[in-house]
Each structure stands twice: as structure tokens, then as C-alpha cells.
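Chains A and B, in that order, are what the protein sequence lines are.
Note that the numbering used here numbers the first sequence so that position 235 is 235, with each residue one more than the last.
Note that the numbering used here numbers the second sequence so that position 363 is 363, with each residue one more than the last.
There could be a bad hint or two in this list.
Said to hold, decoys possible - Here's a subset of chain A near chain B, in silico, CB distances under 10 angstroms, partners left out:
#	residue
1	Pro-13
2	Thr-108
3	Ser-114
As the list claims (entries may be wrong) - Derived lysine-lysine pairs resembling BS3-like cross-links, with alpha carbons at most 27 angstroms apart:
#	chain 1	residue 1	chain 2	residue 2
4	A	Lys-279	B	Lys-424
5	A	Lys-138	A	Lys-128
6	B	Lys-45	B	Lys-22
7	A	Lys-10	A	Lys-128
8	A	Lys-10	B	Lys-326
9	B	Lys-424	A	Lys-206
These are computed hints drawn from the structure, not numbers from a lab.
The structure presented is a predicted model; accordingly, all values stated were derived computationally and were not measured.
Where a beta carbon is used, it is the ideal one built from N, C-alpha and C, also for glycine.
Spelled out from the first residue to the last, the chains are:
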Amino acid sequence: MNSPPAILNKILPYSVVDGPGNRLVLFFQGCNFTCATCHNPYTIGVCDHCGDCITACHAGALKMVANKVVFNPELCDQCDACLEACPISSSPMTTTYSIEQVLEIIRTHLPFLSGITVSGGEATLHLKFVKELFETIKTMEEFGDLTCFIDTNGHLGEKAWTSLLPVTDGVMLDIKAFGTGVHQGLTGQNNQKTLLSAEIVNRAGKLHELRYLLVPGKNDMQSEIKRLIDFTLALNPDIRVRLNAFQHHGVRGAALDWPTMGEERTREIAAQLTRAGIKNVIVPAIFQ
Amino acid sequence: MQDISDRLRKITEDKTLSPAQKAHYLALEAENSLPYPELDADTRKALDERVICDMFEGHAPYKPRYVLPDYSKVLKNGSVYLELPIPQTLDEAINTLMIAYHHVPSVTGMPVFLGDLDNLLLPFCQGVSEEQLYQKIKLFWRYLDRVLPDAFMHANIGPTDNPVARAILRVDAELKQIAPNLTFLYDRDISTQEILRIATDNIVECSKPHIANHPVHATTFDERGYGIVSCYNALPVAGGSSTLTRINLKEVALRSNGVAHFFDEMLPRYMALNFSLTRARIDFLFNKSNFFESFLVDEGWIEQDRFTAMYGVFAMAEAVNVLQEKEGKTGVYGADEAANSLGYEISKVLAEAVAAQPLENVWRGRAMLHAQAGLSNDIGATPGVRIPYGDEPDPIAHVNALAPHHQYYASGISEILTMDETIKNNPEAMFQLCKGALATGFREFTANVASNDLVRVTGYMIRLSDVKKFNDKKGSRTNTTGLGAEAADLMGILDRKPRVVGHELSPSYTE
Chain A
1 MNSPPAILNK ILPYSVVDGP GNRLVLFFQG CNFTCATCHN PYTIGVCDHC
51 GDCITACHAG ALKMVANKVV FNPELCDQCD ACLEACPISS SPMTTTYSIE
101 QVLEIIRTHL PFLSGITVSG GEATLHLKFV KELFETIKTM EEFGDLTCFI
151 DTNGHLGEKA WTSLLPVTDG VMLDIKAFGT GVHQGLTGQN NQKTLLSAEI
201 VNRAGKLHEL RYLLVPGKND MQSEIKRLID FTLALNPDIR VRLNAFQHHG
251 VRGAALDWPT MGEERTREIA AQLTRAGIKN VIVPAIFQ
Chain B
1 MQDISDRLRK ITEDKTLSPA QKAHYLALEA ENSLPYPELD ADTRKALDER
51 VICDMFEGHA PYKPRYVLPD YSKVLKNGSV YLELPIPQTL DEAINTLMIA
101 YHHVPSVTGM PVFLGDLDNL LLPFCQGVSE EQLYQKIKLF WRYLDRVLPD
151 AFMHANIGPT DNPVARAILR VDAELKQIAP NLTFLYDRDI STQEILRIAT
201 DNIVECSKPH IANHPVHATT FDERGYGIVS CYNALPVAGG SSTLTRINLK
251 EVALRSNGVA HFFDEMLPRY MALNFSLTRA RIDFLFNKSN FFESFLVDEG
301 WIEQDRFTAM YGVFAMAEAV NVLQEKEGKT GVYGADEAAN SLGYEISKVL
351 AEAVAAQPLE NVWRGRAMLH AQAGLSNDIG ATPGVRIPYG DEPDPIAHVN
401 ALAPHHQYYA SGISEILTMD ETIKNNPEAM FQLCKGALAT GFREFTANVA
451 SNDLVRVTGY MIRLSDVKKF NDKKGSRTNT TGLGAEAADL MGILDRKPRV
501 VGHELSPSYT E
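Build the full structure now, drawing on both the sequences and the hints.
Given below as C-alpha cells:
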């Protein structure tokens, strides 16, 4: 194992919304987008040990030791006051894992798992770790046919994909918007790499799902929906498109004043996609 | 004590009960006006204090609690008593079963076991097309729900992948009826992955079927086989269970001054009292009731020596928490490893004591331990060894916390895992969880999906919309809705997470 350890915000042993079947999900800390609509914004920043969170912690679970913020999960009562106090959308409640430690956690849940999914934050920022983790799972017989999926914003270059895709079974790729200005406004980045990534991953036959988070008044206008349709049809009309509906859960800041996306409007857009020839359109099971 | 004629009048004048339902409750009241089988004073006291419990089965057990006929007898031989010829076609076979069911008693007055339907009907399916089979099963299913509307009634299918099992799964998902309840017996070496997937997709659709770990059950029983009935009770076919008595472990823990006292004195004491309760009830059934003077025995549907005694326990969670507190420990059942280990130890001690106690007129001479899934009026006592409602961890942690108990409960144990409705977009997850749970040692896998109208209350199904109707005093066509409504009110199942409570039976009339 050559990869350095990685900072994970969370490991979920049970998820039915991060790819096919039941999956263990690794949420990496740190993202290269700064989406206003992010529902786990505390995974965006990487801790710079400023210490602002320490005074916010009433349980005494945070301490400064040798200029580093140290987290004691035993004392934490999950009040999340530290997340509110963090000036850079990070979290002190993270854990650093080696690949071997992650494998050990996977082992204890193995009979229940269809596979694992790396998410975040943005998992592909930890390219080396993810690639080595996937390679190990693929080569060790004990993991059987456990599949390896990536949930990504697609902000990754072709060279990186070329090294990662051979050990990857599927990719869920989020497109936040098509218009350059719209995308820049929503995420703080342009979408060139994302759109190119969709093509690269699709060409490799590993695009499991395209995801589009509908945000009322931001990216649900006809100009955007038409481009979503054109892009998907050109890519692959059979590809599954999951429409997500913007909700306030977990969101911080300005986007809390934005309206949420309702079920009726979401279904209308889904119907429009279906009429246009996109064969597999999914809408959320719940709107809240 | 309420005057009996007053109670009888209330039943006859009840607005919500059908005449048949009134007749059932009137019969129960009549039975319970008789003296109880003779009990020694200590047993009587423990029963009155409800430390031990007879499930309110009635004062004169004139029929076994659960009867699991070997229906292959009537399909192979016809019946002299019922004047039935040997069926030749699928229609005749189904018709024969429909008649047979009416002659099978149980504690509820309705049959709890409909047979391993695929094995019973397959010999009659030659030349029957898939579509014809589907149509016939659909009518059969409609008949069962409308004529025998009791969700304790249970059909079994599997472990093979066959056209009858597939037709039943197709119809069951389509009709989403309360009755019959359904169990698919799964064996990794015999069942196909495809039929397990159909079964788990059905769970996503309608919270049925329930998946039984066939290899584990098969080795518990013999070559005559077993059936899963009612609230996931595993019992010998061609027999059943004479009675189900149970110990409220919480009450035993409350009477103990610590863990050592619990294990050394109180648990052995109440186990012995529960054995004498069991004996008294079985003695009446076998020696006084004349139940076995029946064509059911003469024609080989049942055999007198294949009736076990279910030895139930419940409120394990509360018992462990009470004992933890008495020991000055804070760890809570379900979440804390030490608390969970104490629970496993209790289960082990129970199983060993049950295996060590000879009983007369009981299959193999020993009772079978059972994690009892509750009554609608159990308050502050969690069914079986389950984790209390609302405290359940994620499904995997849930399974891992409870799996070590499963080896001890030969006559059945069930946990209900609740999935939120996001699983509807990802049914493969249900499939994988089911396989994981069974691989981890679960005897049974049972799940509910949050938004389904049809949900389990312990082992049986209710429609949430029916509960609402019943509470609006419109009455219900199905017998179990009343029980579900009672459980819903008493135990808050509807304002709880989308899941279902445990309770098995509401055995007497309540206004």
C-alpha cells in the first residue's frame, strides 16, 4: 500500500442511494466545487487548524495539540456547533484512514454489500487513494464481486480517468448546469471538464447514472432542460438520468432563501425528458 | 371483574364487529367463564401477575394453538370424512384445499397454515400454461383473503424456483392483500438467485413475503418437514404446537436484585413456573378435550405426537436494560456491546434450560424456545429479543446486534427491519440485505418499506388505511385490523418510524 492515508468525513455502511444495491460509502473530506446548494457543505473545506471550532464545542471533544485540532469522538454528542463555527466549510470531526483500515471496515460488512462507493466532498481529489483501494478490492479474492463506484462532480481530466476507469465499475456523475455562467454561479467552477468526463466515462461503458439537481429559477429553465436533453441523447439515450430536486436539508447560507423544487414540477421535467427519448428517467422517492 | 352478561351484551351490540366476529368473541367469553386448568398456587400467582403468560389462549384449550396439517394426504387420498374424491386436475386440487382449510382449527378459529403450496400444487400443473396458472392462483388468493380474512394465515413456497411459486409471487405483489401471509423458504444451494430477487422485489412492493433461512430450519426439524405459520413460528408439519406460553423477561429482571440473582434464582424460578403452566394446558388438551378423536388424525393430516410446545420469551430489551441499571451500567440494549452480550447469555441459558426439561405429550419430549412477537396490549415490553421501536440502528448494525440470538430460538424468532422508501428506487439493496442477514445467521428476514400501505404488525400484515377506517368506527372486514388498530393506539406504531410493532394477537374483546 503506497498511498498516503486520506481524510474521511464519514463511512456509511448502509446506503441505498449511492449506486446499485446496498453500498458502503466513503465520504472524503474536501471538494473543488463550492456549490451553494450543497447538502453537506461541511465536507467542502479541508481543515487548516485555525481552532475556531474549539471554543464552540461545549462537550470538550476538540483540543489543540501541537498546533493541530484533535477530535475525540468519545466525548462528542453530535451537536454540530463546530460545523457552524468553521469559517471554511470544513469539519473537525473527521478521521484519517489508511487503505488497510478501510478494507478492514469493508470486511466486517461484506455479506451485506453489493459494493462500495466513494463520494464526498469530491472523491476524485484523492485519486491515488481511490485507485489503490479499488485495485486492492479487485485483486483480493475475499472481496468477491464487490463493485467499486464513484460519485463525482466530474471535475477531473482525461489522464486521470484513464488510470482510474480500469478498476472502476460505475460512475454517478453530477451535472450542475449546462450554461457556463449558470454553472460558474452555482459551483464556482466552469463545467468543461464535467461535460468531457461524461463523454469519457460513457465511452468506457461505465456511466451508471447522470444526475441533475434541479434548482428552481437557476437551472430548470427551458434553455437548460433542452441542453440536458440534447446532451443526454447525444451521449446515450439509454443512460439513466436521475433528477434530484433541490431541498433545504443541510444547506447553509444564501441558498436557504432559494425556493425548493416541488414534486409536480420535477415530474413535469421528467416527463419532458421521457417524451424527448431519454428512456430511463428517475425522480426522487421522497420530496422533503 | 366485569359481569359476564354485560360483556356478552356489549359484544352483541358492538357497532364495528361483523356477526362472525361477534360469534368468535362470544365463544371466547363462554370458554373463559369455565374454570382454568388446575394450577399450583405459585404458577397461578405468576400468571396473575403476568410474569408468565398464556397468551390469553382461553381457559379450556380444546384445540391446539397451531395446527399444520399435511395437506398432501388429502390431495393424494381424498377424504372419506369430507366425502372428497382424489383430485385429478389443478382446479380440483385447489378446490380440495379450499374445503380442507375450513376444517383446520387454530387459536383464532381460522387456519394458520395453508401448506407448502408450490410443492402441493406442482403435481397438478402439467399442461397448465403460465397464464392459466396465474389466473387460477389469482382467484384462489382472492378467495383466501375474502373468506378467511386473518393475517395469521400463512402460505409457504420454495426453496425451489418453480412456476407455482412464481405465479404466487406475481399475484401477491399485484393484489397486495393482507391475507394470506407468505414465506419464501430460501436455500442458497437450491433456490435460484432469480426467484430470491423476485421475492425481495415483492417486499419492496408490498412488505411480503418473509424470507426463511431454509437450511437452518430444515436441520432443526425432521424429514417430514416444517412450516412457517402465523408470526414466523417454525413448527413440525403434520403436527404443530399445542400451546404457546411466554415469560416476560422484564418482569423477571425487575424481581431480581442483579445479574447473578437473575441467573441463579429468578430466571430458573419463573422458567419452572412457565413449564408447569405449559404442562397444565397440554394435559387438558391431550387428556380432557378429545381433540385428537378426529378425522384429522384418522386420515393422517396430523399426528398426535408431532405437536410441540412453544416456550416463548419477550421483553429481552427491557430485561437487559433493567439488569444493566441494577449493575450500575449505562450501556443500552441494541447499541452497547456488553448489553448485547448479556442478552446473548440470557438466550443461551433459556435454550439450555428448555432442552433439559422433559415434557409429556410434546414432540421429541422437549419444548421449543420462541422469541414471542407480542400481543396488542403489551405495554413497555418489546417483542421477543427485538430492539425497541425508534432505537433501531441502521439495518446492518441491527442485524449484527441480533444475529447471535437466532441460533437459540428453534421455533421462531423474527426482527422487522424498516427501510425508508428510497429503497424503492433500488430494490437490489433489499436483495443484498436479505442475503447478508441470512448469511449472518438470521433464521428469518422480514422487512417493511416506509411508504407501503401494507405493513407488518409483528408477524402479520395490516393496511394502514384500514386502521384509519377502523378507528373511524367503520369496522373492518379483516380480523387483524382490529388488532393492528389496538397496537397502533397503544404502542404508537403510526407515529413511530414507518415500521410496524410487534404484537401477535388480541385474544379477547376490548371496546
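Okay, the hints, checked on the actual structure:
The beta carbon of Pro-13(A) is positioned within 10 angstroms of a beta carbon in chain B (closest approach about 5 angstroms), and the interface hint is therefore held. Given the 10 angstroms rule on beta carbons, the hint for Thr-108(A) holds: about 8 angstroms separates it from the nearest Cβ of chain B. Given the 10 angstroms rule on beta carbons, the hint for Ser-114(A) holds: about 5 angstroms separates it from the nearest Cβ of chain B. Taken as a hint, the Lys-279(A) and Lys-424(B) pair is honoured in the structure, with Cα atoms around 19 angstroms apart against an allowance of 27 angstroms.
Our distance criterion of 27 angstroms between C-alpha atoms is met by Lys-138(A) and Lys-128(A), whose separation comes to about 15 angstroms. Distance restraint check for Lys-45(B) and Lys-22(B): the Cα-Cα separation of roughly 31 angstroms exceeds the 27 angstroms cut-off, and the hinted pair is therefore not satisfied. A C-alpha spacing of about 19 angstroms is found between Lys-10(A) and Lys-128(A), which places the hinted pair at or below 27 angstroms, so the restraint holds. Restraint check for Lys-10(A) and Lys-326(B): the C-alpha separation of about 36 angstroms exceeds 27 angstroms, so the hint is violated.
Distance check on the hinted pair: Lys-424(B) and Lys-206(A) sit about 23 angstroms apart at the alpha-carbon level, within 27 angstroms; holds.
Hint check: violations occur at hints 6 and 8; the rest are consistent with the structure.
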